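So the sequence lines, in the order shown, correspond to chains A and B. Mapping the first sequence onto the working numbering, position 105 (from 1) lands on 276, and the numbers just tick up by one. Mapping the second sequence onto the working numbering, position 19 (from 1) lands on 190, and the numbers just tick up by one.
I should point out that these hints are in silico values taken from the structure, not numbers from a laboratory. There are no misleading hints in this set.
Computed list of lysine to aspartate or glutamate pairs in DMTMM-like fashion (alpha-carbon distance at most 25 Å, straight line):
id: 1; chain 1: B; residue 1: Lys214; chain 2: A; residue 2: Asp256
id: 2; chain 1: A; residue 1: Lys352; chain 2: A; residue 2: Glu234
id: 3; chain 1: B; residue 1: Lys335; chain 2: A; residue 2: Glu331
id: 4; chain 1: A; residue 1: Lys379; chain 2: A; residue 2: Asp217
id: 5; chain 1: A; residue 1: Lys328; chain 2: B; residue 2: Glu331
Cβ-Cβ distance ranges computed for the label pairs, FRET-style:
id: 6; chain 1: A; residue 1: Asn381; chain 2: B; residue 2: Leu332; range: 43 to 51 Å
id: 7; chain 1: A; residue 1: Lys248; chain 2: B; residue 2: Leu201; range: 28 to 36 Å
id: 8; chain 1: A; residue 1: Lys359; chain 2: B; residue 2: Gly215; range: 16 to 24 Å
id: 9; chain 1: A; residue 1: Lys181; chain 2: B; residue 2: Lys237; range: 48 to 56 Å
All figures in this text were calculated on a predicted structure; none of them were measured in a lab. Even for Gly, the Cβ is constructed at its ideal location relative to N, Cα and C.
Number of protein chains: 2
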Amino acid sequence: MLIKIVDYNKADVIIKNNFSEEWSELEPILLNMPLYVKESQQKGKDNQLTFDPIGTNKHLGDELTKKNWCQNISIPKKFSALGTDIDFGKNHIVLESQFSNYPFLSNNILRSEIMFRAHQNIDKIGEIKLLIILTKDHAIPSANSSLYCQQARNQVKYSELIFKLPIRLISLNCKKNEKIKAVKNNYKGRYSRDLINDEKINCELIIKENRKTGQIKIH
Amino acid sequence: MLIKIVDYNKADVIIKNNFSEEWSELEPILLNMPLYVKESQQKGKDNQLTFDPIGTNKHLGDELTKKNWCQNISIPKKFSALGTDIDFGKNHIVLESQFSNYPFLSNNILRSEIMFRAHQNIDKIGEIKLLIILTKDHAIPSANSSLYCQQARNQVKYSELIFKLPIRLISLNCKKNEKIKAVKNNYKGRYSRDLINDEKINCELIIKENRKTGQIKIH
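Between the sequences and the hints, there should be enough to build the whole structure, so can you do that?
Here's what the structure looks like:
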């Protein structure tokens, strides 16, 4: 996929100086990732192909663990009111994959900042020194009300006035109007994580004039 | 209902000095409010009576507007990435009724703090000077994963290290093991807000030994 980066609180400097190895592991995983799609069963989107967060997260987990990143890292009990676990992490880096509703991003940022300031030791990663947030671009059709990167950027921009933790915000996107590699996952039901099958497909993200969000058509 | 209060960032002093009138309007509304319940249709809770956030919020809206509080106040466009509207407000006070999942509380606190620091003028209420958050106690059976006050207190306690906005956190509770006034709302479907009918009932909150959460039985 394509990626676009915005850094806050000097995340660029910190990555360059301290986490260039981890970034060199993460970046190609994102660039080489196919677009995961599923048929939407939401009202008004019947059977349209939309972004598949479950497939995307599964792919990320499989690839990151090959590079010794950890997955589903428990939040220490002291801070359990802020959530149960962190999506991914390695060597002082928290990586949150945020394709859900916008309040979950507020929570990701807030809890990371609180643990950062508390110098909280976290199992498998140690103290947090960098937060990487992964979102998707508005251009990719997705579940209703799910967070997209333009909204995330605004949230983080204002949070930066309060927070001190370095944050790298990544948005995933696709090339427009040309053939792209995708995987179409078929699940048992609307809210199911049980996969019936997956198909490698070629598709195209078509964006009509004056529209922010495109349509995914099988090529 | 019963209420329990915890104040952060000197909310008690600020209310005493500046917002005693508004508090004297809000407090009796909460104390005189019946417990709103509905039959749960969640797995594992089939037909059990659980806390009804829709009925509770409707009651609060009806009573607060009688005292010239405003409802569903638009968040200024500049901060729209942080949400669309504020539940209730009056005279520099934001009142958020938070019976949803825990990340929504992070978002309520974060967006209020950001607008507080920015001295943002908000339609109908002006600059935010106080945030009041309404939650429910763990004792009241509720929808799976919905926020309860003990969790909220821990979230706010840690947020206080970062935030400057005065916050009053209120938890709603019921007397245990005695007759209480309630309203049972029947909705068209699991996710529906369409009311079929409402019944005034008497019920009882029964809490077994060593359990945090009770059961609501019709009296």
